Structure formats: C-alpha cells, structure tokens
Amino acid sequence: MAHAETHAAEAHGHADHAPQSFIWKYVFSKDHKVIGIQYYVTAMFMALIAGLLAMTIRLQLAWPEKTFPSLNFLTKGYTDGVMNPEFYAMLFTMHGTIMVFFVLSTAPVSGFGNMLIPLQVGARDMAFPFLNGLSFWTFLPGCIVILSSFFVGAGAAAGGWTSYPPLSALRSAVPGSEMGQTLWIIGMVFFIASFTMGGLNFVTTILNMRTKGLSMMRMPMTLWAMFLVAVLGLLSFPALTAASLMLLFDRHFGTSFFIPSGLVLSGQVVNHQGGSPLLWQHLFWFLGHPEVYILMLPALGFTSDIMVAFCRKPIFGYKAMVGAMLAISGLSFVVWGHHMFVSGMSPYLGMAFAVGTMLIAVPSAVKTFNWLATLWRSRIIFKTPMLWAMGVVSLFISGGLSGIWLGQTALDIHFHDTYFVVAHFHLIMAGAALFGVFGATAFWFPKMFGRMMNDTLGKIHFWFTFLAYYCTFFPMHYIGLAGHMRRIYDPYQYEFLKNLQPINQFITISAFILGASQILFFINYFWSAFRGEKATDNPWNAAGLEWTTPSPPGHGNWPGEIPEVHRWPFDYSVPGAEKDFVLQTDPAPIGDKAGSH
Amino acid sequence: MAKLQGLLFGLATLVLVVVATAFFAKEWLPPLKSDRIAIDHGIAVTLLVTGLVFIATNLLLAFFAWRYQDAPGATAAYWHHNAKLEWIWTLVTAAIMFGFLFNALAMWGQLQKAPPADAMLVEVVGQQFAWNVRYPGKDGIFGRTDAKLVDPGNLNFIGLDKTDPNAADDVIMPQNQLYLPEGLPVRVRIRSLDVIHSFFLPNFRVKQDAMPGMAVETWFTPKVAGDYEIACAEHCGLGHYRMRGQLHVVKPDGFDAAVAAALE
Numbered sequence: 000m001a002h003a004e005t006h007a008a009e010a011h012g013h014a015d016h017a018p019q020s021f022i023w024k025y026v027f028s029k030d031h032k033v034i035g036i037q038y039y040v041t042a043m044f045m046a047l048i049a050g051l052l053a054m055t056i057r058l059q060l061a062w063p064e065k066t067f068p069s070l071n072f073l074t075k076g077y078t079d080g081v082m083n084p085e086f087y088a089m090l091f092t093m094h095g096t097i098m099v100f101f102v103l104s105t106a107p108v109s110g111f112g113n114m115l116i117p118l119q120v121g122a123r124d125m126a127f128p129f130l131n132g133l134s135f136w137t138f139l140p141g142c143i144v145i146l147s148s149f150f151v152g153a154g155a156a157a158g159g160w161t162s163y164p165p166l167s168a169l170r171s172a173v174p175g176s177e178m179g180q181t182l183w184i185i186g187m188v189f190f191i192a193s194f195t196m197g198g199l200n201f202v203t204t205i206l207n208m209r210t211k212g213l214s215m216m217r218m219p220m221t222l223w224a225m226f227l228v229a230v231l232g233l234l235s236f237p238a239l240t241a242a243s244l245m246l247l248f249d250r251h252f253g254t255s256f257f258i259p260s261g262l263v264l265s266g267q268v269v270n271h272q273g274g275s276p277l278l279w280q281h282l283f284w285f286l287g288h289p290e291v292y293i294l295m296l297p298a299l300g301f302t303s304d305i306m307v308a309f310c311r312k313p314i315f316g317y318k319a320m321v322g323a324m325l326a327i328s329g330l331s332f333v334v335w336g337h338h339m340f341v342s343g344m345s346p347y348l349g350m351a352f353a354v355g356t357m358l359i360a361v362p363s364a365v366k367t368f369n370w371l372a373t374l375w376r377s378r379i380i381f382k383t384p385m386l387w388a389m390g391v392v393s394l395f396i397s398g399g400l401s402g403i404w405l406g407q408t409a410l411d412i413h414f415h416d417t418y419f420v421v422a423h424f425h426l427i428m429a430g431a432a433l434f435g436v437f438g439a440t441a442f443w444f445p446k447m448f449g450r451m452m453n454d455t456l457g458k459i460h461f462w463f464t465f466l467a468y469y470c471t472f473f474p475m476h477y478i479g480l481a482g483h484m485r486r487i488y489d490p491y492q493y494e495f496l497k498n499l500q501p502i503n504q505f506i507t508i509s510a511f512i513l514g515a516s517q518i519l520f521f522i523n524y525f526w527s528a529f530r531g532e533k534a535t536d537n538p539w540n541a542a543g544l545e546w547t548t549p550s551p552p553g554h555g556n557w558p559g560e561i562p563e564v565h566r567w568p569f570d571y572s573v574p575g576a577e578k579d580f581v582l583q584t585d586p587a588p589i590g591d592k593a594g595s596h
Numbered sequence: 000m001a002k003l004q005g006l007l008f009g010l011a012t013l014v015l016v017v018v019a020t021a022f023f024a025k026e027w028l029p030p031l032k033s034d035r036i037a038i039d040h041g042i043a044v045t046l047l048v049t050g051l052v053f054i055a056t057n058l059l060l061a062f063f064a065w066r067y068q069d070a071p072g073a074t075a076a077y078w079h080h081n082a083k084l085e086w087i088w089t090l091v092t093a094a095i096m097f098g099f100l101f102n103a104l105a106m107w108g109q110l111q112k113a114p115p116a117d118a119m120l121v122e123v124v125g126q127q128f129a130w131n132v133r134y135p136g137k138d139g140i141f142g143r144t145d146a147k148l149v150d151p152g153n154l155n156f157i158g159l160d161k162t163d164p165n166a167a168d169d170v171i172m173p174q175n176q177l178y179l180p181e182g183l184p185v186r187v188r189i190r191s192l193d194v195i196h197s198f199f200l201p202n203f204r205v206k207q208d209a210m211p212g213m214a215v216e217t218w219f220t221p222k223v224a225g226d227y228e229i230a231c232a233e234h235c236g237l238g239h240y241r242m243r244g245q246l247h248v249v250k251p252d253g254f255d256a257a258v259a260a261a262l263e
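Those protein sequence lines, which keep their order, are chains A and B. Each residue of the first sequence is one higher than the one before, starting from 0 at the first, in numbering that gives the first Met the number 0. Each residue of the second sequence is one higher than the one before, starting from 0 at the first, in numbering that gives the first Met the number 0.
Quick caveat, the hints were computed from the structure, so don't treat them as lab data. Please read these numbers as outputs of a predicted model, since none were measured by experiment. Hints are not guaranteed to be accurate.
According to the in silico footprint, chain B covers these stretches of chain A (three or more CB under 8 Å from chain B) [said to hold, decoys possible]: (1) 207-216; (2) 306-313; (3) 324-338; (4) 399-406; (5) 409-419.
The beta carbon of each residue, even a glycine, is placed where N, CA and C say it ideally should be.
All chains, full assembly: derive it from the sequences and hints.
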C-alpha cells in the first residue's frame, strides 16, 4: 500500500506537468477522468447505433408483412420496402455484439472504472496512465472496424453475436458476410487488447495504490466489482482471442479448427476436415459466461454504493456482499456449459454445469436479500440515482428467477434458443447493467463535469425507461414458453407462432417508447455537462472517499495531500455523530467499533 | 415529489406482480403430444416456487419504497450486520436450489437413458434450409453416406452410397416430411450436412442441435396422432426462419401406408 508521503511527492510531479494543449489534455489524454469520459461517450454513441439496430429488428418482428418504402435508403437492408433476410441476421448479430462488448462492457467498466478507481482508492491516477490512454486508443479502432463492416462488401457479420462455426467459418455460409465476419474478428481482437490493458491497470491500481488506511475490507462495493471484473476479464478474454484467431485462420488460411469433415454446402463438398464446432462453443462461452458478470458486477457495485447514500443507512451484510461477489466471480468460470445443454455435448458434462449454474443462484439471492435488508428501516431519499438503484434490484429479481428455469437441464430443452432466454438476459444482464450505468451517471456526474444532472428530467427518463423496459422484455417470457425461437426473420411462417403476432406488436411499441425515451437522457447528459447547476464537492452528503475531491477533480485529484482513510464508506446515521454521515476520512472514534472496518 | 416517487415505485412493482402473475396463469406451452410430461411438471413446479419468491420479494421492495421514505423526523437505523439472518437466507436458498438441482438431474437422467430396445430408428439430417428424413428399412441399419456423393439434382441430398448393401432398403423421404407411429418409442439420429441446426418439436418438448461432424441421438414417444411442425431453433443462415418441416404422427397400423403414400 502506498503512503501519503509518496502521493504528496507524486502530486507535485503531476501538478507541474499537467498538459496544457487541447490535444494532450482532451484527446490523447493520460488522465483517468478524461479517459473515463472518452470511453463513456464512445459507448453512448455505440449504444445509439445498437439501439437503432434493435428498433429495426422489432419493426420486422411486429409487421413482417408490411412494406416500408421509406427504409429503402438502407440499400443493403431493404428491397422495395421489404427487409432482406440476411440483413435481419446482420441486425441481431451486430446489436448483440455492440451492446455486449462496446456498450455494456465499456460504459460501466472502462468508463466508470477509469473515472472512479483512483478517486475511490485515493490515487493521483491509474497505475499506468500511458497504458490507460493506449487502451482507449486501441478501443476506438475496434469500434471503427466493427461499424465499418456494415459498409464493406455485402455487409456486416451475420452469424449471431456468438459466431458459431461452421456458419461463421465458411465464407459462403451466410451470403453477404464475406468481409463482415472477418472485420468482426479484427474488431474483437482490438477490443480484447484494449480491455486487457485496462484490466491490468485496474488490478494493479486497486492492489497497490490504495491510500493509507484503506484496507481491502474498507473498499466500496464499486471497487470490489471493478477489481473482480478486471480479474475475470484477464482470465477469460484470452480464450476468445485464441478462438477468434483460430476462426480467422479457418476462414482465410485453410485450417480446420472448427470445421469437421464431410460437409456439403450448397451442393459443394467443403474442403476442410478434422475440426470441431463444439470447440468454438467451449472457447466462446469460457469467455462468454464470465463476460455477463463483467457486465453485471459493476452495476451491482454501483447499486450498493448509491443505495446507502440515499437510504442514509450502512450497507447491510458487507462481508456477505463481498463474499457473494467473490463466489459469483469464481462460479462464473464453471457454468459456461449451460449454454450448450442441447448442443450434443456429453449429457454428463451437462449435469456438471447444471450444478455450477444452480449454485450461482445462491450468492445472487444473498445479494438481493442484503439489499432488501439495507432498505429496511432506512430513510429513502428518492433522487434519480436511487430510482435507478431500485430499478437494478427489481430487474435483478425478475431476471434472476428465470435463471432457475433455464439452469435446469431438462427444462432447458424446451427453452433453449427461445425468447424465454432473450427475456432472461435482457432483464438481468442487459437491464441491470444499463440501469446501473444510468444510476452511476446521475450519481457521479458531479465528479465528471462538476455539475448536477437535472433531477426532474432524470426522474421522467427513469419512469419511461423502467415501465417501457418491463413492457418490452417481460412478455418475452410468455412467447418463449410458447416456443417462439430467437433470430427468426419471419416467425409467422410457423403455424404455432401465428397467434403471437399481437404480443410481438405490443413488445415492438414498448421498445419504440423505450428507445425514444433515451432522447431524454442524451439531452440531460449533454445539457447538464455544459449548463447544469454547479455541483458542490459532496452534493449527496455521501461518505465515500471520492466525495472529498473537488467537483470536478483537477489533475491529480486532490489539491493537497491525499487524505488518509479511517473507516468504511458506509457510515450513515451513526449514533452520536454530528451529521447523518461520517466521511471515510473522518478520524472521529464513532460508528461501529469506532470505524475499524 | 419525493413522496410521489416512493409511492409510484411501490405501485409500479405491485402492478408488475399482478400482471405477471395473471399472464403466467395462462396456458402458454404448446399442447404436449409426447411422453415428456416430466418437463411440463418441472416447469409448473419451478413457476410455482419462483413465482412465490417473485411475489414476496417484489412486495417487500414495494412496501419498503413506500414505507421508509424520507419524511420530517424520520431516522434510519444504524444496523448493518446479523450473522443469523445471513446464514438463514443463504442456507434456505441453497436448500431450494439443491431441491431443483436433484429434480432436474433426475429428469435429465430419465431423458438421456438408453432407449427401449424396440424403439424405432429414424435419421434426420439438417441442411440449409431443409430437413432430410431417412428410415433404415427392414435391416435396421443405415447405408453409408459420403459427402462426395451428394447430388441434389438427383435428389440424393445426403449422399447415400447406393453400392452399400445396407443402403438398399433405406427409405429417403421427400424433404421436410417426417412420419412417426403413435405410441411407439422412436430414436431420432440427428446430423447436419453443413452448419449447426437445431431439431425442435415444440409439441413434444424435444430439441437437439444438429451438430456438423456428429450424430446425436434423442428418443421420445409420440402420444397423439396428428400433424405437427418441426422448427429449426439454431440460427443457420438467411433461410433459418423458413426451415420448417412437418411431422405426421399416424396410427401404427397405418404407418407403412402413410410412408408409401408420401413417397408417391
């Protein structure tokens, strides 16, 4: 652990060398706060694109029989107002890819991780500022490559975000994805390289640069989440890097890692032999499952840290909450096979993965109960960040419970690849992550821009989003029960799905409302960044270390010495305290065991 | 304003609980036509337990949002630890999960166990974007296939080697037509010619990926004669959505005649 003296010395070094020119200050910055905002804004832009892709998917599912001549400007997508089936495949492939990696891994982890880690550990910057800047400038080309794939050749990748070979490995298997799939792979490699640099920085900073007095068991939940997420990323992403490069070789250099013998595609014998498509699935999900926790853990951390500040009550069961996060992280490495119950993998293996899957429900339930106990006998102040935190708890319950349906191998036979799965992961993984990011944005906005977001607009945005989110994704459980498959361009080709069209139309209208409501957020974000009410240093009367910095923190974060920490960041409503919160830096001997956490 | 938010959150959560429960009470599953009723029972039990937890936790959330709002004179308790409570909810959750797990694994074992010796054998081979159905004929053995012999022009979609003696009595159906006798267990051998497909029978609670390079078997017993749909559940390309087959379950004594009629 670094000491205040060394930080003070560093501070002078930093202060002296704060960059002055625009380009080094805001473009090729090494300052963690600028990099965090760069990541965040890029993720916002990517979310806009991926959201529009989702809207187009929904349009097709609700009214496949209608023509939309006004969409003919999408020359690759529509012919005479009718969507091309291969375009539909590109839409869901790219929606999933962009949302999972370039939005929901990026905004909470790379965005808020970079913003918050130095502020919460009490450091001048991340451990490796240059690597941090490099990480962003590796991420951005990844975004450009992924987006450019829409405009190259016949269009973007169309093999699903999971890119299962042989569909993704044989260049003629999906007409129109010749270059698209290759660019997908290259974009992913950029992304993983960037995420790895970030992860190294996160782990090092959190382990080595905590200020004096900040033991691991005094860290806010957000820091715990960032630490675990970085570890998960460092351990799991290499599997996808390897798999992606193998896929690239299969596609372009004649190897057969994932392509077995004896395939015939459109009447032509495929000249590959000896590979296994199951190998890809194992490698992909070895990353893919930890990845969903990479999305979710930060949101769970934000939720705890926001909740205490607006409940004016300490977090309930801190050790259990940390333990639950550790358990979830550990177990996330032994559940990947539950995506493969009906793949043809050995049924015994399926049983082993079912064990891990059902076990992971236990720490998840523990988190929910601890949140509820935190709310009990609290004093809830309903500001925008708190609404989002409550929303995360709600979605975590709704989405978590359907996991129990899917984790049971035998039941999964019916639910696999249906909209039940789509409902499940949109509620728990996408929804919880998204709501967490919205909550964190409203909560830590003062540390981003020194201003407050508009609370009324924020609340209106929350209510539209919360209600529309449930109206969009909850009904998907029902059509999933009815057997509605995923990734279907026109479901009503099937007799047994014909009567589900009205529900799909309801979902689509809800999705449009959900999409449109996000305009409120964009307005609020950019308006408040420049014109919002000026924030005080600690506008929420919160107890965490980051609230001892100015709003916004300058270069080096603390103008003077880095403060020492004397307690955990959850001391609210301490009996005998002057105010209803005690800052983490307050040495007063009050609170539980006199602040010895 | 603050008061309103807590009330709204409580109300929204209540409405969610009521509407979700009302819709889950409806019959959504496609009518079951096979012997896999255990899956439906499993779903019902899971719905019941998770439904109760859903209602209980959401009602608590709604109640807390309404009850513990900030108000003049309100104070929060300085209470953040109770080991007994933690142990209770951890162990109770774990017990419920183990209950589900054992039940699910028992069910899984039943579904994956060896089929009865008298089960009928049929092969289903997925290709972009159709299902090829083959019966082994009297000898009960499928003839050899070879990718090089695939000849769609002559309707040899799966590349059957007609020089193989075992192939002589193989019956290859018109594409997308599967006939099964009612009440007899059937082993379906599932393969793929090109990319991954997934053989999905919504009314029979059957789903098995057709994995290229592998032949995977699943077995079940159709219970009710009638016409049903075969769906592809794994994204297999631009025609995935129309990879629709037909399953005709017929009375056992009319089976041969039905197959013969289909081959006409």
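Here's how the hints hold up against the structure:
Counting residues of the region 207-216 of chain A whose CB falls under 8 Å from any CB of chain B gives 0; the rule of at least 3 is not met. Coverage of the region 306-313 of chain A by chain B holds. Counting CB-CB distances below 8 Å, 4 residues qualify, and the rule asks for three or more. Beta-carbon proximity to chain B at under 8 Å applies to 0 residues in the region 324-338 of chain A; the threshold of 3 is not reached and the given coverage is violated. Here the region 399-406 of chain A counts 5 residues with a CB under 8 Å from a CB of chain B, which clears the bar of 3, and the coverage holds.
For the region 409-419 of chain A, the stated coverage by chain B is satisfied: 7 residues place a CB nearer than 8 Å to a CB of that chain, which reaches the threshold of 3.
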